[in-house]
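**Q** Following our numbering, the numbering of the sequence shown begins with 1 at its first residue and continues without gaps.
Do not rely on the hints blindly, as some may be mistaken.
[Unchecked claim] Here are the simulated distance ranges between beta carbons:
| # | residue 1 | residue 2 | range |
| --- | --- | --- | --- |
| 1 | Lys295 | Lys413 | 34 to 44 angstroms |
| 2 | Asp194 | Gly36 | 46 to 56 angstroms |
| 3 | Gln394 | Gly249 | 13 to 23 angstroms |
| 4 | Ala426 | Lys195 | 45 to 55 angstroms |
| 5 | Pro404 | Val430 | 10 to 20 angstroms |
| 6 | Ala24 | Arg252 | 14 to 24 angstroms |
| 7 | Glu260 | Ala24 | 56 to 66 angstroms |
| 8 | Ala426 | Asp276 | 37 to 47 angstroms |
| 9 | Ala186 | Lys243 | 28 to 38 angstroms |
| 10 | Arg262 | Glu305 | 16 to 26 angstroms |
| 11 | Ala113 | Asp171 | 43 to 53 angstroms |
| 12 | Thr39 | Ser147 | 13 to 23 angstroms |
| 13 | Glu305 | Ala74 | 21 to 31 angstroms |
| 14 | Gly184 | Gly429 | 41 to 51 angstroms |
[Stated by the list, open to error] Each computed DSS-like pair below joins lysine-lysine, with the alpha-carbon atoms no more than 30 angstroms apart:
| # | residue 1 | residue 2 |
| --- | --- | --- |
| 15 | Lys427 | Lys414 |
| 16 | Lys263 | Lys129 |
| 17 | Lys29 | Lys183 |
| 18 | Lys177 | Lys29 |
| 19 | Lys243 | Lys183 |
| 20 | Lys263 | Lys177 |
| 21 | Lys263 | Lys174 |
| 22 | Lys416 | Lys129 |
| 23 | Lys389 | Lys427 |
| 24 | Lys195 | Lys210 |
| 25 | Lys416 | Lys389 |
| 26 | Lys413 | Lys183 |
Bear in mind the hints are in silico, worked out from the structure with no lab data behind them. Here a beta-carbon is modelled for each residue, glycine too, at the ideal position from N, C-alpha and C.
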Amino acid sequence: MENEITIIGGGLAGCEAALYLASAGWKVKLYEMRPGTNTPAHETPYLAELVCSNSLKSTRLDTASGLLKAEINALGANLLKIAETCSVPAGHALAVDRELFAQKVEAAIAEQANISVIRKEITEIPTGKAILATGPLTSDGMMSTLSSALGLEHLYFFDAIAPIIDVASIDYTKIYKKDRYDKGDADYLNCAFDKEEYYRFVDALIAGDKHEAHEFENEFFAGIKFSYYENCMPIEELARRGKDTLRHGVMRPMGLENPEGRKPFGVLQLRAENADCTAYNLVGCQTMLRYGAQKDIFRLIPGLEQAEFLRYGSIHRNAYLNSPALLNPDFSFVNLPQLYLAGQLAGVEGYVECIASGLLVAKCVAEGLDILPEETISGQLWRHLCYPKDTKFQPMNANFGILPRLINEPRDKKEKKVMYSTRAMAKLGVDVQIPVNTEEKQRILNKE
1 MENEITIIGG GLAGCEAALY LASAGWKVKL YEMRPGTNTP AHETPYLAEL
51 VCSNSLKSTR LDTASGLLKA EINALGANLL KIAETCSVPA GHALAVDREL
101 FAQKVEAAIA EQANISVIRK EITEIPTGKA ILATGPLTSD GMMSTLSSAL
151 GLEHLYFFDA IAPIIDVASI DYTKIYKKDR YDKGDADYLN CAFDKEEYYR
201 FVDALIAGDK HEAHEFENEF FAGIKFSYYE NCMPIEELAR RGKDTLRHGV
251 MRPMGLENPE GRKPFGVLQL RAENADCTAY NLVGCQTMLR YGAQKDIFRL
301 IPGLEQAEFL RYGSIHRNAY LNSPALLNPD FSFVNLPQLY LAGQLAGVEG
351 YVECIASGLL VAKCVAEGLD ILPEETISGQ LWRHLCYPKD TKFQPMNANF
401 GILPRLINEP RDKKEKKVMY STRAMAKLGV DVQIPVNTEE KQRILNKE
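Construct the entire structure; sequences and hints are all you get.
**A** Laid out in structure tokens, this is it:
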């Protein structure tokens with residue numbers, strides 16, 4: 001009898017799992033409810049649509065995101081290879097033309113004879129082996145079914161999306177190209193603020209008219225206290241924490257001196273949204289502001305006074321489950337051992353983390369994979385989802401803080417990160433030299 005599996009959800013986790021299992025000889029039925037049933041955040045009918053940023057973060061092995069990429073590439077991931085074929089300029093980050101990426105993922109799925117794509121909303125738990133990868137925007141029908149079947153504890157937070165502007169509307173006399181500390185090919189556009197401009201912008205953010213949580217409530221959210229995911233905090237909420245919060249965070253000017261060599265008071269960066277660089281994303285400007293307020297406030301940014309918005313920022317609710325209380329060590333539900341959980345609904349946060357989750361679940365299904373070493377980011381994300389802790393469960397992304405400490409840790413932070421990555425890859429049987437370029441190594445080991 002052939003190995004067969006149903007995957008519900010055609011996002012990053014679902015597509016990664018489908019491609020891996022299909023290549024291992026499994027017959028896969030991949031269900032995606034769009035476009036027949038849409039969500040507040042998706043704009044296309046494509047599989048694997050990236051709804052927030054177009055960046056999959058750093059590729060450098062002295063970063064947690066870069067290490068996670070290296071780990072899952074070593075484990076046989078498919079989607080990162082596709083992402084690399086449709087990258088856009090973004091320094092050391094892997095950013096993609098999001099529509100091209102989704103189209104290429106869909107093409108890869110279509111070319112795999114072992115995968116059948118079915119465009120239909122699933123509101124019941126299927127019989128036989130199945131992977132639930134419906135994501136943070138899981139339909140109310142499926143959430144209701146899960147509640148009844150498993151008595152799940154629902155956990156929610158708000159997620160925000162940044163605006164995208166037309167490159168033709170940018171005033172190039174006021175902006176300049178530069179990557180932070182000149183690490184890269186000057187792929188980012190920089191909007192520099194003086195002190196007066198910065199505080200005027202912050203004051204406008206704080207006073208801006210925004211959407212409120214109650215506008216998004218339904219029967220599953222009534223009476224719930226909403227929170228934000230810290231790594232995707234709306235820019236106006238950051239501004240409310242203190243008027244200098246932004247210029248010490250996403251708008252910090254360090255390493256972004258202007259062509260005359262002067263350090264601005266604050267800098268807002270723009271990142272290419274597509275391969276043709278006809279559209280740019282306002283980095284860090286995810287927002288709950290209403291559209292009219294966005295137009296007025298973001299036009300206060302130097303160089304964007306006449307900005308034409310191709311997409312305004314928006315807000316949507318995200319759902320995740322209390323996975324450690326529900327899952328076996330192989331990502332299957334304790335009460336439904338034929339059903340596995342993957343992706344953001346399981347409680348990982350980030351594009352690459354979702355790809356990793358889909359891959360790990362697929363390998364558990366196909367190979368009975370044992371838990372990965374604790375020295376790896378993948379292994380720690382696995383433990384975060386499947387092993388109960390005393391603290392309240394919250395979504396987790398890749399970071400070096402979840403790894404066990406090194407023996408004889410160096411004082412230099414950059415050198416320590418290099419050693420974390422070297423150790424992790426060695427645990428997976430991969431010998432890496434980080435970095436291979438002598439000049440680059442010196443830059444990493446030197447404090448900047």
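**Q** Each hint needs a verdict: does it hold in this structure or not?
**A** For each hint, the structure was consulted:
| no. | hint | verdict |
| --- | --- | --- |
| 1 | Lys295 to Lys413: 34 to 44 angstroms | 40 angstroms, holds |
| 2 | Asp194 to Gly36: 46 to 56 angstroms | 51 angstroms, holds |
| 3 | Gln394 to Gly249: 13 to 23 angstroms | 20 angstroms, holds |
| 4 | Ala426 to Lys195: 45 to 55 angstroms | 48 angstroms, holds |
| 5 | Pro404 to Val430: 10 to 20 angstroms | 19 angstroms, holds |
| 6 | Ala24 to Arg252: 14 to 24 angstroms | 45 angstroms, violated |
| 7 | Glu260 to Ala24: 56 to 66 angstroms | 57 angstroms, holds |
| 8 | Ala426 to Asp276: 37 to 47 angstroms | 41 angstroms, holds |
| 9 | Ala186 to Lys243: 28 to 38 angstroms | 30 angstroms, holds |
| 10 | Arg262 to Glu305: 16 to 26 angstroms | 21 angstroms, holds |
| 11 | Ala113 to Asp171: 43 to 53 angstroms | 52 angstroms, holds |
| 12 | Thr39 to Ser147: 13 to 23 angstroms | 19 angstroms, holds |
| 13 | Glu305 to Ala74: 21 to 31 angstroms | 47 angstroms, violated |
| 14 | Gly184 to Gly429: 41 to 51 angstroms | 31 angstroms, violated |
| 15 | Lys427 to Lys414 | 20 angstroms, holds |
| 16 | Lys263 to Lys129 | 57 angstroms, violated |
| 17 | Lys29 to Lys183 | 44 angstroms, violated |
| 18 | Lys177 to Lys29 | 46 angstroms, violated |
| 19 | Lys243 to Lys183 | 28 angstroms, holds |
| 20 | Lys263 to Lys177 | 14 angstroms, holds |
| 21 | Lys263 to Lys174 | 15 angstroms, holds |
| 22 | Lys416 to Lys129 | 42 angstroms, violated |
| 23 | Lys389 to Lys427 | 25 angstroms, holds |
| 24 | Lys195 to Lys210 | 25 angstroms, holds |
| 25 | Lys416 to Lys389 | 27 angstroms, holds |
| 26 | Lys413 to Lys183 | 18 angstroms, holds |
In summary, the structure is inconsistent with hints 6, 13, 14, 16, 17, 18, 22 from the numbered list given earlier, while agreeing with the others.
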